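Listed below, chain by chain, are the residues.
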Amino acid sequence: MTKESNNSVGADQAKASIGADLVIPALALAFAVYFFIDIAGLAWEAKANGVLIGAVLVVLIAIQGVRLGLQLARGEGRLGFESLLGPREALPARLALVGLTIAFIVALPWLGLTLTLFLAMAAALRAMGLKSWNKNLLISFIVAASAWGLFIALLETDMPHGPVEFVLSKILNTSR
Amino acid sequence: MTWDFLAGQFAQQFGLWWVIWPAILLGIVVGILPGFSPQNTLIMLLPLTLRVPVEQALAFMIALYCANHLAGGIPAILVRIPGSGGAAATTLDGYPMTKKGQAQQALVLCFTASVFGGLITTLATLALLPWLSKMGLYLRSVEMVVVMLFGLTLIAVIAAKDFLKGMIAGFFGLLLGVIGTDHIYNTPRATFGFLELYDGVPIVPALIGLFAISEALVMIEEKMIVTEEGRAKAVSAQWAGIIDGLRLTVKHWWQIVWTAFVGLFIGIVPGAGASIASFVAYQQSRLWSKHPEKFGTGIPEGVIAPESANNGVTSGTLVPTLALGVPGGSTAAVMMIVLQYHGLVMGPRLFATNPEVAYGVFVSMAVAYIFMIFTILPLARYMSRIVLIETSYLAPVIVLVTVVAAFVERQYAFDMALALVFGVIGYIAQKTNYHVTAILIGVILGPLFEEYLVRALRLSEGDPSILFSSTLGNVLWALLALSLLLPAWRGWRRSKQAAGEQFGNE
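Residue numbers (the working numbering), protein chains in the order written: chain U, 1 to 176; chain C, 1 to 506.
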């Protein structure tokens, strides 16, 4: 690679990634549009506040759109998402954490709090790069046991029950 | 109420140390976890409080309530996860202090501001109860619209670095806050068809998502949450850090006093709560500060203001409950249920029929605060060491445990998914500098603002001039205008001075 092309890559990377800056305004705009459609037929008391807030939000997003558009036109930014996804090394762990949280929420009603938390913790710690299984299982056990102790045994919340809770309630002879 | 009566009350409450101490410890544990509001914990513990004598039940509930309010600031400072809405403003300066290696000092400030703020307002309430009980009658929907606007102006303050981004975040939060049924006709608005959103966006999942999950997703980029210098300070944390925190408390004693009264006055209004009080106290502290530009960078005043107000609310909330029989908040409502079960009817007659209970509530609160400072202060040194845990361990624990906590308040699995959605929104906002606190302020204060506004407009049959119809309201409007104009005037004066100095140099 020549020095000039190196400089050009460096300059390109130094530019602001405007694409990432547009995500929140895009989400907010999409929600505002949905909101306006949803409340169209309501009485004024029900929609006055929302219309006012939504209108200001749309104006602010429009101004931000113009500002970012001008930045693009002047060559000060580019439509990238690097600032949102980077650094690249952390991306797999981050995606794994989100994925495991979704799996945890889905599995919770079937497996119950203690077992699901134990399994999700073990998988999440592994995804974070913890190699030692002994350490991993010990931490996962402590977290799951503490959660059982606090949420189920002490405070008696209606957390989903699974095989572990069932066995423990039999052993401890409790209704929960 | 005589001095002898008061002395007897204090002696009786100190004798209940065996009830107060466990309640404080439990309150701290559940207060650290977002999702465990004091009212939830008290509801879960109703079988216990209904079984024991009323004095013990009262001492237990009061101590747990106050400890819960205090503990919300601990995770806000250490890992940027407010334990409750009232501690959200604490993250603004508490977490930057931790990053600078001043976690111990920040924790001490949180504890002392909470305890002294709570104690001062409790004693003030004891002395001024007849007058304070009337105050709730003067603060009606018109005045509360302006109080809400005080809190909302914090969005503009937070947005100072990038005004447009901050305002977009704030108004996005406000619009999210409109989700749910309206206050007049109960028609659902923008609920995406989910019944779980008919009551509006639940605060706990929003809080957990915007702060805890988003922060966990960001923190894994670094090995530790503190800088190398901060780590070195945390490793060598000594008792000197606590003494330094106490020194800072003494230095800012006046701020603790006046922000506690902000909490007390806001707490007296039924429905208003710690979130509003702490945001308003933070905004006002910044406004009257000699160095407002330092707020948000990790300064003691930014921790003291929200924490003192947050605990100033605790006694305020109980004023309308005891004096008028109108619960000042959901926790007060649970306490009322327990007292009614024991045959005590809340309201003005309580002071004549059962003065030992009516005044005993506040004496119990004062005693709980005294016990609390001795219990929690020595722990600051050890708590501050949490920042030494690597993020690869911390992040999974934070995400999974807080997702579980999101379930607790309403017991809907939906709330866990909602927390994750807010987590992703919060992560995007953090990475692109759209302030998550501004979004949260909108989500918390938006529905309250709408409620008071619509109520006021309904009274006037849609005539907006009602907002300027009361003397107290107009005074508040003038103060609000001053709040907005003063920073602009200061900025103009500073730039003029700078220009003058530059001209002089040339």
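No lab work stands behind these hints, which were simulated from the structure alone. Fair warning: there could be bad hints in the mix.
Unchecked claim - Okay, derived cross-link-like pairs now, DSS-like style, lysine-lysine, Cα gap no bigger than 27 Å in a straight line:
(1) C/K496 - U/K135
(2) C/K496 - C/K233
(3) U/K131 - C/K223
(4) C/K496 - C/K251
(5) C/K233 - C/K99
(6) C/K233 - C/K134
To be verified - So these bits of chain C aren't anywhere near chain U, every CB distance computed over 12 Å:
(7) T187
(8) L324
(9) V404
(10) K431
(11) Q497
These figures come from a predicted structure and were not determined experimentally. Ideal placement from N, C-alpha and C gives every residue a C-beta, glycine not left out.
Cross-check of the supplied hints:
1. For the hint linking C/K496 to U/K135, the alpha-carbon distance of about 61 Å lies beyond 27 Å, and the restraint is violated.
2. A C-alpha spacing of about 40 Å is found between C/K496 and C/K233, which places the hinted pair above 27 Å, so the restraint is violated.
3. Distance restraint check for U/K131 and C/K223: the Cα-Cα separation of roughly 16 Å lies within the 27 Å cut-off, and the hinted pair is therefore satisfied.
4. A C-alpha spacing of about 31 Å is found between C/K496 and C/K251, which places the hinted pair above 27 Å, so the restraint is violated.
5. For the proposed pair C/K233 and C/K99, the alpha carbon gap of about 10 Å is at most 27 Å, so the pair holds.
6. Pair hint C/K233 plus C/K134 does not hold up; C-alpha atoms about 50 Å apart against a cutoff of 27 Å.
7. Consistency note on C/T187: stated as away from chain U, yet its beta-carbon is not over 12 Å from all of that chain's, at 5 Å minimum.
8. Chain U leaves C/L324 outside its interface by the beta-carbon criterion, the shortest separation being 28 Å against a cut-off of 12 Å.
9. Not every C-beta of chain U lies more than 12 Å from that of C/V404, the closest at about 6 Å, which undercuts listing it as non-interface.
10. Residue-level check failed: C/K431 sits 5 Å from the nearest beta carbon of chain U, not beyond 12 Å.
11. Separation of C/Q497 from chain U is adequate, the least Cβ-Cβ distance of about 30 Å exceeding the 12 Å criterion.
In summary, the numbered hints that this structure violates are 1, 2, 4, 6, 7, 9, 10.
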